[in-house]
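Starting from the structure of chain A, add chain B where the hints point.
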Amino acid sequence: MAQNKLLIVGGGFSGLTAAVEAAEAGSEVIIVEKNPYLGGRVTQLNKYFWKLCPPNCGLEIQYKRIRNNGNVTIYTMAEVEKVSGSEGNFDVTIKIKPRFVNDNCTGCNKCSEACPVERKNDFDFGMSTTKSAYLPHNQAFPLKYVIDEKTCKGASCAKCVEACKYDAIHLDMKPETVNVKVGAVVMATGWNPYDATRMDNLGFGKVQNVVTNMMMERLAAPNGPTQGKIVRPSDGKEVKNVAFVQCAGSRDENHLAHCSYICCLASIKQATYVRELYPDAKAKIFYIDMRTPGLYENRFYTKIKEDQNVSFLKGKVAKIEQAENGDVKVTAEDIHGGGKITETFDMVVLAAGMQTATESLKGAGIAPTEDGFVDQATLPKGIYATGTLKTPVDVARSAQDATGVVLKSIQSLRRK
Amino acid sequence: MEKKFGVYICKGCGIKEAMDVEKVAGAAKKVQNYKFHDALCSTEGVQLIKDDIAKEGVNTIIIAACSPRIKYEEFDFPGAIIERVNIREFVAWTMEPNTDATNDAAYDYLNMGIVKTQKGDLPEPNILQDLNKTILVIGGGIAGMTAALSAAGAGEKVVLVEKEAQLGGFVNRLYKKIPTGSYFNKPLIVDTDIAKTVSEVESNPNIKVYKSTTIAKTDGQPGLYDVELSNGEKMKIGSIIMATGWKPYDANKLDYLGYGRIKNVVTNLELEEIARKNNGKLLRPSDGKPALKVAFIQCAGQRDANHLPYCSSMCCATSLKQAQYVRQNPDALAMIFYKDIRTPGRTELYYKEAQNNPGVMLSKADVTGVSEAVNGNMFVEMENTLFGTKTGEKVKVEVDLVVLATGMVPTTRWPQ
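Chains as they are written, first to last, in the numbering used here: chain A, 1 to 416; chain B, 417 to 832.
Hints listed in this document are in silico derivations from the structure and should not be mistaken for laboratory results.
This list has only true hints and no planted wrong ones.
Computed list of lysine to any residue pairs in SDA-like fashion (alpha-carbon distance at most 20 Å, straight line):
1) 806/B <-> 335/A
2) 340/A <-> 806/B
3) 319/A <-> 341/A
Nothing here was measured: the structure is a model prediction, and the numbers come from that model.
Isolated chain A, as found in the complex (with noise of 0.2 Å):
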């Protein structure tokens, strides 16, 4: 007899979306996350292209579908250690981080009110710090805090335990390991930015306010580290020019040979963010092709090009160097006009591009294709891929791809 059980592996958009539409077709999941919070990489957005509302409320309301459901069972901090098996029964091996913090927490903020550790907030990608005892964001789902590993002193420190009403804090928690029977796996593990200080050309890392794209949604979040001030992380100036470098590292051979779809609405959307926050200033996309297919997402282009102090170039950025006071200089191609063209911007975003998580895989046993993907069609039988792990997309086409494989993952657990 197959289990009526779905393991989905990685709690972001697709897996959340995954997990509710089973939940409520009936089938029994389990979501395995790596971070102590779901929602992944939609959790650090300002807005969505190209409606340019909060995430927050699309998540908030997945999160109550699964309270509702009484068919969801969330590991978070968890990772797949082990698929074996075959489709209809498959035994997962589940391998679970202390989280140091038990059910019993509230969410009060005591104990990083008494915690005297600071650390690099990589949720803002290092421009904030939290406490060691911390909440990964003030829209965390599960609400619970959580005390880092890696920079905890432990149990000669224990401010949090003692600061603690509710008994909720264990600094000698272990790590744990829970093996699950189910009939069909989800793998929906996503993407990370691509690491771009490997771009020499480009500065990021050496030239100072050359920041990435989803530094970019941090800066412009209000639960961000300036609540949504958009200023220059050098010296805190507002930004008046900022340019936008399409295909950082996608779309190269030498970095990432694919598109990564999303970038050129992203950077439309955050050209938006700049001209609302400030009525003056201006911006400036250089790219290769924008690439904004479909009805709305077509419409949102069109539309920013009715805006003066929105420009576009076509030609691919050489160089980026800093010039004086913290600005910096960009060096392009101008393929319209002919030759080199040199500008000077208060800051400058790069695009980065997506870059398929693939280390999430190996647990499950998954090499990923030649081109750093993963093909449908190479996975055994009750094994399923979902949202960016197959190609770039947004996040309305991983929800809309999720609810498909859903349906896929539940032919598996009902066949006999």
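Just chain B now, kept in the frame of chain A:
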């Protein structure tokens, strides 16, 4: 049900420090039974409520504590009316402590929660009699067939209705398709295998197929649709999937590009039919000679305020595929004139294959018109190209076949 109220007010997480909980509890006087606890979500706190349910028969529970986003598992009492009143995040954590306004706000929230439970009842599940679970799929193209096969594979009964005499939709008209997944070590054009999918659908015992049939009428509601087919047959249906697809944009509206005026100007769909009919040979409509110099005009009637304002997403990849048809003849040349090449995601690698093909030429260009040359040939007129011309300078290229990359119009918008 006879309501027996229980109001439970939590004093933890800073609530009692921020307000006068006795005053707040005044709102509960009308239902009399109210209790305080220092940490209501603790085992003892939850037990307090459970004991009241067991011993006192409490069945209407108002919990004045934290946000319903958390502790939803602890505060789950099956069969009871449960109302969560958020006096922690909404009041204690966000308002000035111990002012009249703060006490009043908490009082009012509690009052509202109580009144809501007084006025409301547990929802009675509205389970209709004789619910039908059959899924009706309208449209037997690739989308409709995939939906039908997936639903049938999950054990559901499906009715598939197609207006044409055979299943398969537009894919029937294609010569070849682009392979899915990785393009490494693969032929760049492959058979569509549509006949295989059609036979899977037609032989599936869970799918009933109606061809040359349309929907005459639908009525009713989810789970209870009454559907009448054009053949007069009536049936009960549970849910309906619309998969009626698209129609090509009417190329007769593109006479500036020569369509309808010049014989050797065809649409991308007509090129598929030419290739399919002649086993891959691209023979010109005017004289049946093999085309040796084929121009593809992208965005024909698209991204154009006078025609379709949107991008149809598929035409760039389609023209790149059709360029491979052209290149089956090693003496033939394909030229693609585009606004932007839009090959998002892994399709970029497919684009790369065309760029590396010596017989495929690609240029950005604004095509302004197509005119007749001698011997059935044509001039494609354009400006703003990448041929080293100056901005605005016009260029003419002579070709022997012109393919218009026309777009998709959803059937819901038909007639255009």
